[in-house]
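I would like the entire structure built from these sequences, with the hints used as guidance.
There are 2 protein chains.
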Amino acid sequence: MIKAEVITIGDEILYGQITDTNTQWISAELDKIGINTVRKSSVGDTEEAILQIFSEAKQRADLIIVTGGLGPTKDDITKKTFCKFFNTSLAVHKEALEELTAFFRKRGREVTGLNLGQAELPLNSTFISNKLGTAPGMWFEDEGKIFISMPGVPFEMKGMMSDLLLPKIQEHFKTPVIFHKVVRTVGIGESLLAEMISDWEDNLPENLKLAYLPAIGDVKLRLTGFGNDLESLEKQVEDAFEEVMPIIHSYVFGYGNIELGEAVGLLLKEKNQTVSTAESCTGGYLAHLFTKVPGSSAYFWGGIVSYDNSVKMNQLGVKAETLEQFGAVSEETIKEMAEGVRKRLGTTYGLATSGIAGPDGGTPEKPVGTIWIALSSEEGTITRKLTLGGFREQNIHLTSIQILNLLRQNLS
Amino acid sequence: MIKAEVITIGDEILYGQITDTNTQWISAELDKIGINTVRKSSVGDTEEAILQIFSEAKQRADLIIVTGGLGPTKDDITKKTFCKFFNTSLAVHKEALEELTAFFRKRGREVTGLNLGQAELPLNSTFISNKLGTAPGMWFEDEGKIFISMPGVPFEMKGMMSDLLLPKIQEHFKTPVIFHKVVRTVGIGESLLAEMISDWEDNLPENLKLAYLPAIGDVKLRLTGFGNDLESLEKQVEDAFEEVMPIIHSYVFGYGNIELGEAVGLLLKEKNQTVSTAESCTGGYLAHLFTKVPGSSAYFWGGIVSYDNSVKMNQLGVKAETLEQFGAVSEETIKEMAEGVRKRLGTTYGLATSGIAGPDGGTPEKPVGTIWIALSSEEGTITRKLTLGGFREQNIHLTSIQILNLLRQNLS
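These protein sequences, in sequence, are chains E and V.
Take the first sequence: its position 267, counting from 1, is numbered 267 in this note's numbering, and each next residue is one higher.
Take the second sequence: its position 218, counting from 1, is numbered 218 in this note's numbering, and each next residue is one higher.
Errors might be hidden in some of the hints.
[As the list claims (entries may be wrong)] Pairwise CB distance ranges (calculated): (1) E:Glu331 <-> V:Glu141: 53 to 63 Å; (2) V:Glu95 <-> E:Arg60: 37 to 47 Å; (3) E:Lys343 <-> V:Glu243: 52 to 62 Å; (4) E:Glu378 <-> V:Pro359: 47 to 57 Å; (5) V:Pro72 <-> E:Leu90: 47 to 57 Å; (6) V:Ile216 <-> E:Ser232: 41 to 51 Å; (7) V:Lys319 <-> E:Glu378: 23 to 33 Å; (8) V:Ser412 <-> E:Lys343: 22 to 32 Å.
Worth flagging that the hints you see were computed from the coordinates, not collected in a lab.
In this text, a Cβ means the ideal position worked out from N, Cα and C, and glycines have one as well.
Written out as structure tokens, the structure is:
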């Protein structure tokens, strides 16, 4: 198996001043094409540290991917250090200069001073185009090992890697043909899911590999097929999922990178139906999960965040007696909230949340994490009581996932 | 200067299946006590890889901090590998067993099989208590170098590090006394801020170090003082900030880890005033920034997410003529939204947002990123037009920050 190392260069990452999201993304992409990351490292902007990690990595790995240190200022020494490492020197690269000039011209500017240096590349490097920024990438081959250098800006790095480098890596290393598919599940924990499908998993063909990718509130199942022929692999993976689907179908909300809010939105759009929200403990976050999706205005009409009881009464029509007799966190109140928002906003569905998100406000009868959710439609109103533990933000997130899932189940 | 290396152990991190937030947090904490992280590494759950990184790190650094691989299952081999590295063996540790037993008893369970192994520690280690989980931490001294081993679960690791290990590290390495203070600013970019205060920065005493920690929408200024006496350091740092405050005070919203939504909440609480929100393009996210703060129900009464124009008219009282003549993204509409929500929810302030968050919906006159915000109070209504670029989620976040800042300015 091809071994890779991923290296980030930069003091800001080393000192914890900025979050490094690049290495995770890169190793996940390598994993998808069957390349094993064996080490990740971050070093600072010093020649000594960079040379040392290059030497080490070259001994251990076949492919060394480096991000960062390609900016125009004098702190950025990656290129100079590559030259030292490969015993070569920098020279203006024609294509790099053309691309840089075009990049600046498009923005009505000329390439000047410091930026001109960005068109200089080590003589032994292959130029990798950067459509989204001013620092080109580089590809080096040295004694059978491949080094790749990319800018540290995440969207520039991702663009370059997806469009140019991943195909080039696959070609160079003649990696096996790979097909992978991700099934998204919600409403079931990783271990229970693993138990339910263990027979299926145990009987998967040798060339199919299953990975569980759990997050808070949902679990991704990724099935990767390794082989020689894309078409037959695709069929093999699809067939394998089809086999397990009768067991898991009620938890599956989509495929690939889709989020639950988007999946529910697609179902609503398909049926030409609309939704509105009445939120107490989730405080706007449920609406945000709908509205962060482009085009959500087609089915999400709006919501009421009713933190204060006056808002529950005046904007949602919850009865004062209900609040007095049962409290804001109760089946009776949540029902009136969901029905109220549906009626007032005139949508097919009305969703409501009310509970004690914490850390304060809990009582012996209603401890922190006691949460009611409801879904109202013309067929009536369904309510559920959740008993969550956890921290405030986690309770807010999990409650929103649970009610989105309730709507999903109702729509499917 | 003391040199540290931070090592994470675990295949899930190496393959990009989970996000590593530990190393950033650890190196930031070390930075605060004047310890320099010189390398960060992730390796997989194999003895060979772990032994190799241990040997390397021991040569380069004075302090080696290791997280992960302490779970009860057989994949978790960190402790066994420490034994091999230090040529020692595991034995049940009395205090560890007591703590483990108490942890389980509190949850009504007995310590069994696999978990019992968690009370075994390498003979040369010092036991570090874990109040939040079942895997204790360990402290090793070997040939003048310190190794620390902690569980990978972030909140367990953070608790252990903050409460026990950071003080122990400071004591062991006799690090200089350190005092640091973070000033939080909003509404100004990093480079402009740096320019404004460059004279002040250049004239800071030798023992004070300034760091800019930028995020989307806000910039943190951290001033760290190194010395021998905490009291005089504290005074020195406070005095230095006081000196620059006349230049930056209008951008400062708080100190330390506070978020803007919380800072605005404190101002409202202090004045016994309340707020409500009318959101179009931010779609609930602004309400979420208020309501994620514990205790926010004291000043945040509620909000209307008015995605559909019918909701703008019926729930906020925006006039049909206004929408027809000027459109939803206009000064006229945003004014009626802010006034409407304030009046209907009966709060001191009404905030409103309406704009084109993208990626679709832009026109030549109103491209993506054209956003109106408004603040209504009994003194009248203030409006602002924002011209953002960027992606949908960034536009949503920045708009929310801008309107929170508008309210903050009005409150101060």
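Quick rundown of the hints versus the structure:
1. E:Glu331 <-> V:Glu141: 53 to 63 Å: 59 Å, holds
2. V:Glu95 <-> E:Arg60: 37 to 47 Å: 39 Å, holds
3. E:Lys343 <-> V:Glu243: 52 to 62 Å: About 59 Å separates the Cβ atoms of Lys343 (chain E) and Glu243 (chain V), which means 52 to 62 Å holds.
4. E:Glu378 <-> V:Pro359: 47 to 57 Å: 34 Å, violated
5. V:Pro72 <-> E:Leu90: 47 to 57 Å: Given a distance of about 53 Å, which is inside 47 to 57 Å, the answer is holds.
6. V:Ile216 <-> E:Ser232: 41 to 51 Å: 45 Å, holds
7. V:Lys319 <-> E:Glu378: 23 to 33 Å: Given range 23 to 33 Å: holds, Cβ gap about 31 Å.
8. V:Ser412 <-> E:Lys343: 22 to 32 Å: 41 Å, violated
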